[in-house]
Amino acid sequence: MSLRLTALAAALMLAGSAHAADHIKVGLVSTLSGPGAGLGVDIRDGFSLAMKHLNGKLGNLPAEVLIADDQQNPDIAKQTADKFLKKDKVDFMTGIVFSNIMLAVGPTVFENKTFYISANAGPSQYAGEQCNPFFFNVAWQNDNLHEAVGKVVQDKGYKNVVIVTPNYPGGKDAVSGFKRYYKGKVADEIYTKLGQLDYAAELAQIRATKPDALFFFLPGGMGINFVKQFVAAGLSRDTQLFAPGFSADEDVIKAVGSSMMGMFNSSHWAHDMDNAENKRFVADFQKEYGRLPSLYASQGYDAALMMDAAVRDVKGKVEDKAALQKALEAKRFKSVRGDFKFNTNHYPVQNYYLRAIGKDAQGRVTNKTMGTIFTNHADAYVASCKMK
Amino acid sequence: MIQLVLEQALNGLQFGLMLFLLAAGLTLVFGIMDCINLAHGSLYMVGAYFVAAAAQAADSFWIGLGAGVAGAAVLGLLLELSLFRQLYKRDHLSQVLATFALILIANEAVRMIWGPQPLMLNPPESLSGPVEIAGFFYPAYRLVIIAFGLAVAGLLYLLVAKSRIGMWVRAGASNREMTEALGINVQGLFTAVFVFGAALCALAGGLLGPLLAVQVGMGESVLILAFVVIIIGGIGSIRGALVGSLIVGTVDTLGRALLPTLLRALLPADAASTLGPALASILIYLLMAGILFFKPQGLFPARA
Chain Y
0 MSLRLTALAA ALMLAGSAHA ADHIKVGLVS TLSGPGAGLG VDIRDGFSLA MKHLNGKLGN
60 LPAEVLIADD QQNPDIAKQT ADKFLKKDKV DFMTGIVFSN IMLAVGPTVF ENKTFYISAN
120 AGPSQYAGEQ CNPFFFNVAW QNDNLHEAVG KVVQDKGYKN VVIVTPNYPG GKDAVSGFKR
180 YYKGKVADEI YTKLGQLDYA AELAQIRATK PDALFFFLPG GMGINFVKQF VAAGLSRDTQ
240 LFAPGFSADE DVIKAVGSSM MGMFNSSHWA HDMDNAENKR FVADFQKEYG RLPSLYASQG
300 YDAALMMDAA VRDVKGKVED KAALQKALEA KRFKSVRGDF KFNTNHYPVQ NYYLRAIGKD
360 AQGRVTNKTM GTIFTNHADA YVASCKMK
Chain Z
0 MIQLVLEQAL NGLQFGLMLF LLAAGLTLVF GIMDCINLAH GSLYMVGAYF VAAAAQAADS
60 FWIGLGAGVA GAAVLGLLLE LSLFRQLYKR DHLSQVLATF ALILIANEAV RMIWGPQPLM
120 LNPPESLSGP VEIAGFFYPA YRLVIIAFGL AVAGLLYLLV AKSRIGMWVR AGASNREMTE
180 ALGINVQGLF TAVFVFGAAL CALAGGLLGP LLAVQVGMGE SVLILAFVVI IIGGIGSIRG
240 ALVGSLIVGT VDTLGRALLP TLLRALLPAD AASTLGPALA SILIYLLMAG ILFFKPQGLF
300 PARA
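Protein chains in written order, with numbering that gives the first Met the number 0: chain Y, 0 to 387; chain Z, 0 to 303.
Since the hints were made in silico from the structure, they are not lab data.
Watch out, some of these pointers could steer you wrong.
Okay, the calculated beta carbon distance ranges per label pair [claimed, not checked]:
| # | chain 1 | residue 1 | chain 2 | residue 2 | range |
| --- | --- | --- | --- | --- | --- |
| 1 | Z | N184 | Y | R290 | 53 to 59 Å |
| 2 | Y | D87 | Z | M111 | 23 to 29 Å |
| 3 | Y | K286 | Z | L5 | 51 to 57 Å |
| 4 | Z | L149 | Y | A355 | 39 to 45 Å |
Cβ coordinates follow ideal geometry from the N, Cα and C atoms, glycine included.
This is chain Y alone, in the form it adopts within the complex (with noise of 0.2 Å):
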């Protein structure tokens, strides 16, 4: 009797034209090498410890997490995501770390229909009028942890600043973002090459220019190196550094150690955030991996959960593009920073804070968060999105 009912609903399935996959295959191509690594990293160890939480299943079904390395080259993540999509043909691609690689990548996904959950890379471009119903960004778009750190900024009273970012469009969008809040004078803008690591000469063109503060965004290896030096040429003393929570987390402060004490960054996340989700998130990962998470690892762990949920909301139907879309726009996950939904352009409109470093109870520097500097914020570029 049962067969016999299980072939019958076998061939109802087969019948309709969206059946439900019988397991979920997620590509997951992130930076696992090199200076951009800890941030590629952290997103892989998110969500894997995500997919533990989730006893290895996606919304009920089996699911199959393949992970590559895109060695911060477009054009290796580019072949990699194609051997993904096309050969291994997934479900969902995510943990892209670096907005170039994710704007050479997007165009292969989108145009094989598969759902891109952007676990960090939020470039302006797909929030505004390059915007696609298969690319959801479960994290921020790049402008908002930068605005943040301008409104900061301009409310601290500070008049001269100068501003430090490599030259890739992370960069343009860190810059536009900072300048949209802080409206006092820039006293130089100084674009990098990606992936520097020596900042002699820029360091001395800083203590030239004499800032009373100075806003940088060099992620991963670049930050670390960055602040060293900064410390070392003796500039701390007279320039107050601020940063998006990007070059001031856990990676960067392990690295560099207690000098970078006092400094103010900004965040979507933080890891002493007071609910249940973040509290099971922060103390499994430490258990897991042995160090606190980053914001990388929180995103890569909401991405997972945001599959998860979509998957169930369609009763596996993944085929179902459409109902697939209404349902991770519909977020029925409880993230780990709290509550907030996605806009027309599947970005967050979601709460900023400000983080100070400093040391906690245990005498641990870390970060700690000292309030909102944004509530219910939506990115800049909404307006010229129109979502097909």
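Once you have looked at the hints, place chain Z on chain Y.
Then chain Z, alone, in the frame of chain Y:
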């Protein structure tokens, strides 16, 4: 303004002297043994890993530096005896192929042993702050690097120009058979030069480790710069390598510092911010092309 120029000059000097450590070994192997060694950058990388690993194990930067340099010298010795000795008589294409293979092997080996993520190497605690010179602060550690570079340059000058060994090396390079006929062990001499070059690579890698990052592939980008240096300076010439290194170091540093500012005065801010960094990164290649146009043999050709 004077302070800025002075500080940038020190930065250029520091960068140039580190390039010199690499270029010196490369130019000797290329100019004297007539062997193109693309794996020179790999020796720099492996040397830096040796230093970082030893520094971590011994919990002291200086012990790590000494052990790492010694380790790289031993590796250089093994490589010379097993591989490079066979390559001297081959044509340049075989040398390029063999040493390129060595790059791939070295990168994968390092990835397998130390993993894909960069190693952290910190300068000694006492040198991590700034010191005051002539009214401005300069990182103490960079001054130490400059001191090392100057010491090595002086040592090399004495060794090559004033010592008997240096004379043998120069003689072996200009006429190998004749030198051998005079009873000098040229093969042993070449081995010594190669080992010395490997040790200089590791010294550069170890000293730069705290400023950059000890990571897979760090040798390739610096190898290109080292080749630019020896082409500008003249292949086979230590003096050329020193002058070439200082020119490349200074031009690169000043270009990165001054070009964007200069362009911003001439062009709209948007175009300047795009063009400035791009132009700064190709500046040394423009310089190389310019020098080769007027002096195709480089500034100080070894065999004039």
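Going down the list of hints, with the structure as the test:
Between N184 of chain Z and R290 of chain Y the Cβ separation comes to about 55 Å, which falls inside the hinted range of 53 to 59 Å. The beta-carbon spacing between D87 of chain Y and M111 of chain Z, approximately 26 Å, falls within the hinted interval of 23 to 29 Å. For the pair K286 of chain Y and L5 of chain Z, the beta carbons lie near 52 Å from each other, so the given range of 51 to 57 Å is met. Between L149 of chain Z and A355 of chain Y, the C-beta spacing of about 43 Å keeps the proposed range 39 to 45 Å intact.
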